[in-house]
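The listed protein sequences correspond, in order, to chains A and B. Under this note's numbering, the first residue of the first sequence carries the number 118, and numbering increases by one thereafter. Under this note's numbering, the first residue of the second sequence carries the number 118, and numbering increases by one thereafter.
Please keep in mind that the hints were generated in silico from the structure rather than gathered at the bench. Watch out, some of these pointers could steer you wrong.
In this list, chains with the same sequence are indistinguishable; a pair is considered to hold if it fits within one copy or across any two.
Claimed, not checked - With a straight-line Cα cutoff of 27 angstroms, these simulated BS3-like cross-link-like pairs (lysine-lysine) come out:
id, residue 1, residue 2
1, K490, K523
2, K523, K576
3, K576, K481
4, K301, K202
5, K394, K337
6, K525, K576
7, K525, K202
8, K301, K167
9, K449, K390
10, K523, K202
11, K390, K167
12, K576, K487
13, K390, K184
There are 2 protein chains.
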Amino acid sequence: MSKSDAKHHVTLILGDGIGPEVVASARTLIDAACPRIVWEEAEAGAEVFKKGVASGVPQHTIDSLSKTRLALKGPLETPVGFGEKSANVTLRKLFETFANIRPVRELPGVPTRFSGSGIDLVIVRENVEDLYAGIEHMQTPDVAQCLKLISTKGCEKIVRIAFEFARSEGRKTVQCATKANIMKKTEGLLKSTFEHLAKEYSDIEAWHIIIDNCAHQLVKKPEQFDVIVTTNMNGDIISDLGSGLIGGLGFAPSANIGHDVAIFEAVHGSAPKYTGKDVINPTAMILSGVMMLRHLGEFEAASTIENAVMATLEADIHPRDVQTASAPVGTKAFTQAILEHFGKMPSNYAIRPHKPMVVPPRPKTTAIRKVEKRETVGLDIFTEFDGTAADLGPMLEEAAKGTGAKLKMVSNRGTVVYPLTGTDPDVVNQWRCRFTLDQVVTEVPTTLVSGLLQALEAKGLRWMHIEKLCRFDGEDTFTRAQGEN
Amino acid sequence: MSKSDAKHHVTLILGDGIGPEVVASARTLIDAACPRIVWEEAEAGAEVFKKGVASGVPQHTIDSLSKTRLALKGPLETPVGFGEKSANVTLRKLFETFANIRPVRELPGVPTRFSGSGIDLVIVRENVEDLYAGIEHMQTPDVAQCLKLISTKGCEKIVRIAFEFARSEGRKTVQCATKANIMKKTEGLLKSTFEHLAKEYSDIEAWHIIIDNCAHQLVKKPEQFDVIVTTNMNGDIISDLGSGLIGGLGFAPSANIGHDVAIFEAVHGSAPKYTGKDVINPTAMILSGVMMLRHLGEFEAASTIENAVMATLEADIHPRDVQTASAPVGTKAFTQAILEHFGKMPSNYAIRPHKPMVVPPRPKTTAIRKVEKRETVGLDIFTEFDGTAADLGPMLEEAAKGTGAKLKMVSNRGTVVYPLTGTDPDVVNQWRCRFTLDQVVTEVPTTLVSGLLQALEAKGLRWMHIEKLCRFDGEDTFTRAQGEN
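So here's chain A without its partners, still in its complex pose (with noise of 0.2 angstroms):
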C-alpha cells in the first residue's frame, strides 16, 4: 500500500477527557508525515452513554470501524450511573482483538531509574479470554468462583501474533510466561501450546518462564527480555510493570489485533482533571499512531514521527510528566516541537527495522485437537455444608448407596479433607465431592446424576455445581487434589 496513492480511511475516536487534545496532537503529526490518510470521525464513550447507549458505543462508530477496520481512539469514560459496561471493552470484544501488544522501550532524554540499560521489548497479551471472560458464581453465601477458561484456539492466536509481530520488527527470541507449573492445564496449554507452535518458527528462539520469576527478572535486568508472551491477566499486571520501567503511563503506546480489525490507543485514562488545561503528554498517543502507521504499511511516516519524537526529547524538550524536566512544554508545544524535528535524527535511538506483520487468518473450526475415545469416570459434584468432613464424609457415602456411584474423596480449598488425613485444616462451606462411576461409560446417564443429586438433597445438602469427570484418549481430563491418590 505504502508505494500506491492510495488513501487509508481510518477511524478517529477522540475520546474522553484529555482525548481530544492528545488525540490532536497525534493526528496533526500524522497528517504532516502521512497525507493518505482520511479521518473519519466517531463517537464513544461519555457523551454517547448520557446519550442512553447502554454499551458507550453508538452504531455510526461500529459501521464506521467494519469498514475502516483500523482506529486511533482516545481513552473513553464510563460516567458514574450510567451502565457498569466499559466502552473500551464493548470495542474489544464486539471487534474481538485478541492480542494486546504493548512495546516497552527506554525513550532518549526520560529519565528513569532503568536509564541506559537498553530496555526494548514488547508484552503481547491475550485480550479476550481467562479470568477476564468475568464468568463469576457464588457457590454460597462465603464462597466466590470465576472460572479461568483457556482454549487451545485462543493460545494458538495470541502464540502466532507474538512470533509474527516478533517477525515484522527483527526480534530474535519469543518468551511464553505462564504459571504452568501450578495450573498445569489452563496455563500448561499455553505453555505446550507454544512449544508446538515454535517449530513452525525456527527463525526465533524460543523459550519459557515462570510468570512469577519473570516479574523479578523484569525488574532486576529487563533488558534481557525481546518479547513475552503471556494470559490475560498475568499481562495485565506484567504490561503495567513494564510502562512504569520507561517513564510511565504517559509514554506507553498499544495496539489491539484482531482478524479483521486493529485500535491503537494510549494505556493512560480520560484524567478529567487535566481536560483542557493543554498539560497532558501526548508521546502515548503518538507512539500508537506510529504503530498504526506500521500496521497500514507506511513506514517511512512511522519513522519520520518516531526520529521526531526521540530527537525532540534527546533536545531537551519534554512533557510536564518528565519528572526531571525544568521546563516543561504543553501539549500543544510539544507536538509543535515535535514538527519540527522532522527529518532530524535522534543521537541515542535507533528505529528497528520492520516489516509488515502477518496477522494470522482466523481459524475455521472450533475442535482442534481430535479425540478419539471418550469415556466418563465420574462426578464432582460441590455441595455447601457448615460442618466437619468427619460428618460430612460418612453421610456422602451413605447417600451414594446404589445410585451407581461411590464417593472418592471430599476436598476443600483443593485439599484432601475425607478419607479423613489426620490432619485438621480449617475448612470452607463449600466443599467437592469426587464420585466414581461404578462403570466407566461413554457418558454418564442423567438418571445416575439426578439419583445422586436427589440422595444429596434427602441428606440435607444443597449442592451448586457439578463437573463431569472424563478420559479423552485414556487421559484424564481433571486434576487430583492435594493429597488425593
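We have chain A already, so just place chain B on it with the hints.
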C-alpha cells in the same frame, strides 16, 4: 517469653542443595544471639522422596512441627521421577500457613537501581486458596478450566494478618491490591472484606489499589508502599517483583503464618549447582531467622542480628550476588563477619520498633454470612458443540420446551453470542447456556435438571459442567455475560 528463661523449641529443616549451608549460617547467628533456642533437626525434601515418602515430609517431621509449632527451613527439592507434589506445598497445606509475609526493604551496601529510594514495604499474600487450589477440568478437548475460589473466611484471615502485622511493626498503611473491577465477586470479596474490617483497625490507614496499577507503582515509586495485602496469584507475582527491587532472592526473607504453626524460610531455591561450594548468600535465610526471633518475642536478639547484617553490608563485606562487590566473600566468611559485627550499629539503617504480632484465632464456623432467603432462578449448563451460535441457539430453545426452563442466552468465553447480536465473534467449542426457570423456586427439582440434560443429549449435545443460578436475599449470585441484559 523473652523475659523468662524458658527454652524455645524450633524444628530445623536443613533442606536440599545449598540449604544446609544457609541454614547453618542462620543457626550460628541465632545461637550466638539467643541461646534459648533448642533445635530439633528434622528431614524433608529430596532424600525423603528417595526413601519412598510420596509427600516429601516424613512423620517425624510432622510430629516435630506439631509440637514445636515453629520451623526454620531451607529450600526443598522434588527430585525428578519422585512424585509430582512439592514438599514445600505439603508443609504449607498440612500446617495451613495461610499468610505468606514477604518484607521488601532496601539494604545498605546493596546497590540496586532503587538505592536511595528508601523502599520499606511488606507484601502479605494469601497462601491457601484462589487459583492455587489447582482445581482444573478440561471442559472439551480444546477448553481448559481452573476454578478461582475466594472465601469470606480466607479473606478475613489474610486481611486481619495484614493489619496485625502492620501494627506489630508500627506501620501506618495497609493497601489491598485486587482486580475487583473485573472480578467483582471473587477479587471483590477481598476488597469488601478489607473495607469492612478496616474499621476495626482505625489506627491504620486503609486503601484499595487495582493490582495492575500496584505493579506499575511498585516499579515507579516503591517507597510509597507500606503493607500490601493481596490474593494468592497476584501476590505470587508482585512479591517476586518486590524481591527484584532490593537486590534479588538472596536478600528476600519470608514467613508463612498459620493459626498454629509458623514456618520461616528464604524465598530462593536449592541452587544445586552451588551445593557445598561456600558461595551462596545466606542473607535471606538469616533475615528469615530474624523474623522468627521476633515471632518468638526475642526482639533484642533479632535486633542484634539485623543490625550486624546491615553493619557488615555497610562495611563493604559482600556476598557474591552483590553485583558491585569487588571482593565478595563466601557463605562462611560472611557469617563470621556478621558475628564480628554483633553490637555494631549500621549508620544508614534503623530497625523498626516491634511488638508481638497477634495471630487471630481460627474462626469457629464456616458460615460467616447469614442468608435468610434463598431462591433458584436458573441453571448455567456448559455444553460442547462444534458449530455456530446460529445453529446452537435454536437447538437449545427447542430442547428446553416442556422442561420447566427456557433459554435466556448463550455466551462463549463470556460474551453473548445468542440471541444473535449481529457480530460474528470467534468462538471455542464450550458454550455456556443460561436457562431460566419458569418459576422461581427454593431449590430446582432434580427432575427438571435431568429432564433438561436429557433433552440436550437428545439433540446430540454433550454437557460437562452445571452451575446453579441463585438469589441470596434477593441478590443474584452470578454475573451477567458481556452483552447480556
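Against the structure, the hints come out as follows:
1. K490 - K523: within (24 angstroms within a copy, 32 angstroms between copies)
2. K523 - K576: Within one copy, since 15 angstroms is at most 27 angstroms while 29 angstroms is not.
3. K576 - K481: For K576 and K481, the Cα distance is within 27 angstroms only across copies (23 angstroms; inside one copy 48 angstroms).
4. K301 - K202: For K301 and K202, the Cα distance is within 27 angstroms only across copies (13 angstroms; inside one copy 32 angstroms).
5. K394 - K337: between (37 angstroms within a copy, 25 angstroms between copies)
6. K525 - K576: within (18 angstroms within a copy, 32 angstroms between copies)
7. K525 - K202: between (43 angstroms within a copy, 20 angstroms between copies)
8. K301 - K167: between (45 angstroms within a copy, 24 angstroms between copies)
9. K449 - K390: within (18 angstroms within a copy, 57 angstroms between copies)
10. K523 - K202: The answer is between: 26 angstroms across copies meets 27 angstroms, while 45 angstroms in one copy does not.
11. K390 - K167: This pair counts as within: shortest intra-copy Cα distance 19 angstroms, inter-copy 63 angstroms.
12. K576 - K487: between (41 angstroms within a copy, 21 angstroms between copies)
13. K390 - K184: For K390 and K184, neither the intra-copy (34 angstroms) nor the inter-copy (59 angstroms) Cα distance is at most 27 angstroms.
In this structure, the one hint that does not hold is number 13.
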